[in-house]
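Undergrad: In order, the protein sequences belong to chains A and B.
Start counting the first sequence at 1; every next residue gets the next number (the working numbering).
Start counting the second sequence at 1001; every next residue gets the next number (the working numbering).
To be clear, the hints were calculated from the coordinates, so they are not data collected in a lab.
Virtual Cβ for every residue (Gly too), placed ideally from N, Cα, C.
Check before you lean on any hint, since a few could be wrong.
As the list claims (entries may be wrong) - Residues on chain B that point at chain A, a partial pick, calculated with CB under 10 angstroms:
no.	residue
1	Arg1127
2	Lys1129
3	Leu1133
4	Leu1138
5	Ala1139
6	Ala1140
7	Phe1143
8	Trp1151
9	Ile1277
10	Glu1318
11	Thr1322
12	Met1323
13	Ile1325
14	Ile1330
Stated by the list, open to error - Here are the simulated SDA-like cross-link-like pairs (lysine to any residue), alpha carbons at most 25 angstroms apart as the crow flies:
no.	chain 1	residue 1	chain 2	residue 2
15	B	Lys1129	A	Gln308
16	B	Lys1150	A	Ala240
17	B	Lys1150	A	Asn289
18	B	Lys1129	A	Val105
19	A	Lys314	A	Val265
20	B	Lys1129	A	Leu301
21	B	Lys1129	A	Pro108
22	B	Lys1150	A	Met297
23	A	Lys185	A	Gly206
24	B	Lys1150	A	Val243
25	B	Lys1150	A	Val276
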Amino acid sequence: MEMLHSILVAPFADMAEAPDFFLQVVWEGLVSGVLYALIALGFVLIYKSSRIFNFAQGIMVVFAALTLVGLHENGVPALLAVPLTLVVMFFLAVGIERVVLRPLVNQPDIILFMATIGITLFLIGLGETIFGGANKIMITEQLGIPTGSWVLEPFGGFVSIEQRDMTAVVGAVLLVIALLLFLNKSKMGRAIRALGDDHQAALSVGISLSTIWVLVWFISGIIALATGIVWGARAGVSFALEVIALKALPVLMLGGLESVTGAIVGGLAIGILEKVFEIYWGQPLLGGNTEAWFAYMLALLVLLVRPQGLFGEKIIERV
Amino acid sequence: MFYRIAGQYKTSYHTDYALFPVKQDAWLLALILLFAFVVFPLTASDFMFRALLIPVLIYALAALGLNILTGYAGQLSLGTGAFMGVGAYACYKLITIFPDLNIIVAIALSGFFSAAAGVAFGLPSLRIKGFYLAIATLAAQFFLLWLFQKWAWLYNYNASGAIQVPNMQLFGVTVAGAQAPVLAQYFFVLIVVCVITMFAVNITRGRIGRTWKAVRDMDIAAELVGINLMKAKLSAFFVSSYIVGIAGALFVFMWRGAAEADLFDIQLSFRVLFIAIIGGLGSILGNYLGALLIVALPVLIGTVPAAFGLPISSAMVEHLNTMIIGALIIGFLIIEPHGLARFWALIREKLIIWPFPH
Chain A
1 MEMLHSILVA PFADMAEAPD FFLQVVWEGL VSGVLYALIA LGFVLIYKSS RIFNFAQGIM
61 VVFAALTLVG LHENGVPALL AVPLTLVVMF FLAVGIERVV LRPLVNQPDI ILFMATIGIT
121 LFLIGLGETI FGGANKIMIT EQLGIPTGSW VLEPFGGFVS IEQRDMTAVV GAVLLVIALL
181 LFLNKSKMGR AIRALGDDHQ AALSVGISLS TIWVLVWFIS GIIALATGIV WGARAGVSFA
241 LEVIALKALP VLMLGGLESV TGAIVGGLAI GILEKVFEIY WGQPLLGGNT EAWFAYMLAL
301 LVLLVRPQGL FGEKIIERV
Chain B
1001 MFYRIAGQYK TSYHTDYALF PVKQDAWLLA LILLFAFVVF PLTASDFMFR ALLIPVLIYA
1061 LAALGLNILT GYAGQLSLGT GAFMGVGAYA CYKLITIFPD LNIIVAIALS GFFSAAAGVA
1121 FGLPSLRIKG FYLAIATLAA QFFLLWLFQK WAWLYNYNAS GAIQVPNMQL FGVTVAGAQA
1181 PVLAQYFFVL IVVCVITMFA VNITRGRIGR TWKAVRDMDI AAELVGINLM KAKLSAFFVS
1241 SYIVGIAGAL FVFMWRGAAE ADLFDIQLSF RVLFIAIIGG LGSILGNYLG ALLIVALPVL
1301 IGTVPAAFGL PISSAMVEHL NTMIIGALII GFLIIEPHGL ARFWALIREK LIIWPFPH
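Working from the sequences, and respecting the hints, build out all of it.
TA: This is the structure we're talking about:
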């Protein structure tokens, strides 16, 4: 009885008692949710257009952030370092397409998946060789991102909102709008979606596979850079960032592998729910650190009901 | 050339399906076993055993378990590391609760714990497929790892949070713990690996193995011809996790000597998956070739700069190592996506028809 009370009643009583703290927790969850959604977006883009499950998205985030900070450390002004990093990400996309993807066209999914893990290892080694394994500080101020914080007082309480988190949220929203416009309105965007629908039909109307692949990997690179900047501003730039890529996987499962909407909704849902669960259930009852697995378990439960995720394409199988 | 099969007639169905349809295969195996049981123990140094031979065998065993699930039954799993952990922690608990338990019995029993965990996390496979399932097995990986850290009963409330292998004897010889001679551990691992490999070869050749392959190739079609999907998938999870659990117990008891929860993290899962894929999915031999490559390569690369007298720091060696392994994985996938086992099959084919090209 007491146990049921502590699971079913006490957490909600806590929430009602301190609504300002609850809002703070939700806000924190929302910010990490935005970052999960951004990484998941990079996954979805590549999966949609090439059916490649891109495990390297996480390391691309780290690599982009490291390149940016590394360039700045070597005397490049911050605002010039951003376009230079984009150039590096472009060449990375071209390199990956040329060296890895082109020879592996038409191989089974798992082989391509393993190849992206190979890319991950390679980039980890490369990044460590060039920039060293040490933790770096993101050049937040030099990029013009405000670092102060606002204090709101709802319900007579106290909620603090960091301005850089607000910047991250606004930036992510703008990025997603730009991406959706690009995918839905531009010619290239339509080509990407056509390729996702049917490879051979797209090829037969003259859409170039390799151009599109370079393009989607480059867009993923841009998203990676944006993710790297905002996450790096919160937690510093190090290879530990790579583990947040693993956090994006349950987001994908929850939202569905092919759906941009799914990535965003799933990311926000997981970000908020895992924070709330950790604070109100995990720490008092389970000894904390439940964020490591909560997202996966949640996604697993959702998948048992909807095997293609919340927004994924319905899987139709024929014999 | 050495593989001339002229004169080896197969006069019955039975001989066609024998374990060694070609006599030379049996001789080759005998030669390898001769090396493993006689030549290596006589010649190899302690470093060779510790850094090369024992880990290769244990990793190969883990990959064999994974290969049964992924290569034969077609269910992609990324939770191998955690299932190895279940085996290791179960073995540790069994031995500390029943100190008189024979170590062979303890290891054999600990496999059942990881098999149970495997079946529990395999249940979603009845509804989820492909990459969705792979991510679902990640739930096992992260949840179990968290459990190893938080559930203090598992490591007997040690302050360090690590499990320490006690000294254990078998037939009067110490085989586990700090005082165990490396040769005894090597033989223990070798014998266990041989027995399980023999079991795996036969189970994949037989009726159960054929149902797994049918499920792998197309599960709906398999269901239509009367295969019970649930039984086939869960039995694959059971057998696979059992072998993986035993590999995990050996990993800690015969090699590392002590373990923390972090040892069984996702990197371990990926390493085992690399071995299975580079070796060749759906082959038994491939696991050994893959393990040889993935385990031996870093050791070799580590010695190269020193041999040339290059002034490279050990951190740099490690970074380069990661990079080279990543590149090699991509390279091997491009050259032969079906793995090293296919390489060997091609060479064997060529040897059989040599000197003729066709």
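Undergrad: For every hint, state whether the structure bears it out.
TA: These are the hints, each one checked on the structure:
| no. | hint | result |
| --- | --- | --- |
| 1 | Arg1127 | holds, 5 angstroms |
| 2 | Lys1129 | holds, 7 angstroms |
| 3 | Leu1133 | holds, 9 angstroms |
| 4 | Leu1138 | holds, 6 angstroms |
| 5 | Ala1139 | holds, 3 angstroms |
| 6 | Ala1140 | holds, 8 angstroms |
| 7 | Phe1143 | holds, 4 angstroms |
| 8 | Trp1151 | holds, 9 angstroms |
| 9 | Ile1277 | holds, 5 angstroms |
| 10 | Glu1318 | holds, 8 angstroms |
| 11 | Thr1322 | holds, 4 angstroms |
| 12 | Met1323 | holds, 3 angstroms |
| 13 | Ile1325 | holds, 6 angstroms |
| 14 | Ile1330 | holds, 4 angstroms |
| 15 | B/Lys1129 <-> A/Gln308 | holds, 9 angstroms |
| 16 | B/Lys1150 <-> A/Ala240 | holds, 21 angstroms |
| 17 | B/Lys1150 <-> A/Asn289 | holds, 9 angstroms |
| 18 | B/Lys1129 <-> A/Val105 | holds, 22 angstroms |
| 19 | A/Lys314 <-> A/Val265 | holds, 18 angstroms |
| 20 | B/Lys1129 <-> A/Leu301 | holds, 14 angstroms |
| 21 | B/Lys1129 <-> A/Pro108 | holds, 15 angstroms |
| 22 | B/Lys1150 <-> A/Met297 | holds, 17 angstroms |
| 23 | A/Lys185 <-> A/Gly206 | holds, 19 angstroms |
| 24 | B/Lys1150 <-> A/Val243 | holds, 20 angstroms |
| 25 | B/Lys1150 <-> A/Val276 | holds, 20 angstroms |
Checked against the numbered hints given earlier, the structure satisfies every one of them.
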